[in-house]
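Given the structure of chain B, go ahead and fit chain R onto it with the hints provided.
Protein chains in written order, with the working numbering: chain B, 1 to 387; chain R, 1 to 387.
Given that identical chains are not distinguished, each listed pair holds provided it fits within a single copy or across any two copies.
Here are the computed lysine to any residue pairs in the SDA-like style, where the Cα-Cα straight-line distance is at most 25 Å:
(1) K161 with D192
(2) K237 with V225
(3) K259 with R79
(4) K161 with I188
(5) K161 with D185
(6) K285 with Q193
(7) K81 with D156
(8) K161 with A283
Hint data in this document are derived by calculation from the structure and do not stem from the laboratory.
So you can see what is in the structure, the chains are spelled out below.
There are 2 protein chains.
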Amino acid sequence: MSAPAISVIERALAGFKPEDHGLPADFILTKLTAMKGCGCKVPREVLLELLKTFDDGSMVIDNDAGVGIGLDSCVVPLRHKGLNLVQTTDFFYPLVDDPYLMGRITAANVLSDLYAMGVSECDNMLMLLGVAVELDGVARDVIIGQFMQGFKDNADMAGTKVRGGQTVRCPWLLLGGVASSVAADDEIIRVDQAKPGDVLVLTKPIGGQVAVNSYEWLKKKTGRVEELGLDECKILKAFQQVTVQMCRLNRNAAKLLHKYQAHASTDVTGFGLLGHADNLARAQKEQVQFVIEHLPIIEYMDEIATKMPNGNGFNLFTGTSAETSGGLLIAMSLENAAEYIREIEMLDGFPAWIIGRVEATSGNRGAVISPDRQIHSVSSSIHQQLN
Amino acid sequence: MSAPAISVIERALAGFKPEDHGLPADFILTKLTAMKGCGCKVPREVLLELLKTFDDGSMVIDNDAGVGIGLDSCVVPLRHKGLNLVQTTDFFYPLVDDPYLMGRITAANVLSDLYAMGVSECDNMLMLLGVAVELDGVARDVIIGQFMQGFKDNADMAGTKVRGGQTVRCPWLLLGGVASSVAADDEIIRVDQAKPGDVLVLTKPIGGQVAVNSYEWLKKKTGRVEELGLDECKILKAFQQVTVQMCRLNRNAAKLLHKYQAHASTDVTGFGLLGHADNLARAQKEQVQFVIEHLPIIEYMDEIATKMPNGNGFNLFTGTSAETSGGLLIAMSLENAAEYIREIEMLDGFPAWIIGRVEATSGNRGAVISPDRQIHSVSSSIHQQLN
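Isolated chain B, as found in the complex:
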């Protein structure tokens, strides 16, 4: 596997100019949906209610919702001894305006559910596509062609291939995939082993929903930027930072789970940092609580959230702001966490953080954000590199 010809960082910094691709200058990809990225999930309560239809426990829908054993992927022991089918699917709508980067994000997001289980070898990907009915022939070919290229490039980065899929017409542009691995028992991390005294590690900053939405305000000239008195340049930089992070695979993060004996892990997506932390905490064998004490937030996104009504825009500070293709959240020993963070930063070129701890509890399992939580503003390394 070699790195794709197109650099995510260069592409994110350059921005997508529709006219360079034969599209009208006012073409905006994200107008092809009313919902963005992982923010399109059916609410968790609704899903849980619907699943009550099944009283025999044989059906588990949307593992992301923490239904059943709270795993990100399903793990199916096979007829062939010692082997398991580990599998996940995700689909959603465009949330950045560059269809190539949307392809990379879509692939990274679906692979992430395998990586959250420590499974770093994906054996096959399928691509799911709903082609917006309103697209004309030119737009369709540009958008879908570039999307496919981005999806394929991240499959290459992941050392896997795309060998099937389904393409239908749909009112919104629908993007997704399926990732599958046939993994030996020891390739899969047991994610229910968190112990009191463990710390929590996070491998990507939060604030993606704020970044994507504030960039939309800018791009669609909604007046919101002026109304809140926001800085356009800072919004753009944050959007570029989050785009690069969403394209980045959690594959190294997955490999290191084994090396540093992670006790539990999940990836942070539609339910936000606290939502996924809570799912994971509830799935633990020991009666533990996850306490989040630091919120690593993409630079300037905390300021935007503060300026919004109630001072908690998109529920950023209460931890339920949606992320798309977010980082891994991991419980491990303090000693291992320090080494894990050092090594992932070396491999990926981006920082990770200890954001909390695992406590014994006599009450219910779950996750909370500490009242004394600290905001940690994550400045953009992609701009520092170039400036």
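Same frame as chain B, now just chain R:
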């Protein structure tokens, strides 16, 4: 595995009464989309054009389109010797008005791509759901709950389980699934071995698109039924017949492929009988042509197609009328075909037919409908059983 509590035949004959489920009497499920079943596919030419983006041949999108090696599922040789990941996905929109039966059809349709390869053991299913944004809470719970039950019941019938999925909001009600099997080499039929002298067998009648659409005319009172002078009772019976056929698994058909040494097989869905026959013929090792001489058509559907403008409604007689969860199309020796047909009829309670033959050709591989083709009207056994 035991048969589900709900009988498909009884349910199809009873019809779906929205008011029995707390829904408005004028609620029509198929109004939640502008496209029906496998008729929603992006046209084959468009797909093939888009795939030219990839010149390295590493990406195969939508195997149904006959891209690449023309298989219905992708077959991925694994790191674990002698094993393959066989995998397929499909999603589409409602085409019958009973959400429970829609769940059974959706599961049968996705499983069918495994069955077409002779793989009769599915190791896992994922469910894909787009919940129409316009549904209110009551309608959503009824529709999705019943859909899930139907999907699960057919997974049970297939001896497999649903262990994951994704649920998003979407303007149309989107229904689909993923089916995966980790299969030993000898569980998979080599589908490129058709020989001159073979005959073609079909295990379900065609005419699904005509039946579903004429029933829509009736149900939505479009005036088309009166305009064409159609018989309402016959339309209803045809719709019930095709509904039962769409719910029926091709699993026995798959198992018998091994017993009777099938040389080639595929399932008939969105591109119609001729479209899929043509894909399969082109994938053969030997230079052959598939000649279709008999069209087994659901009773009365040929009459409707004849009464429509140009006398070939929905391209029924030219073989490209879309089917959803259609039968298997198989090339095998004449002796084996006779035994195959006898045994599938015994197991499933529905007939299959020899519909054509495999010829050597000096021209291009492909499939044609013979100018002397015969129409065979397939009367409904589900009504005969009850009358």
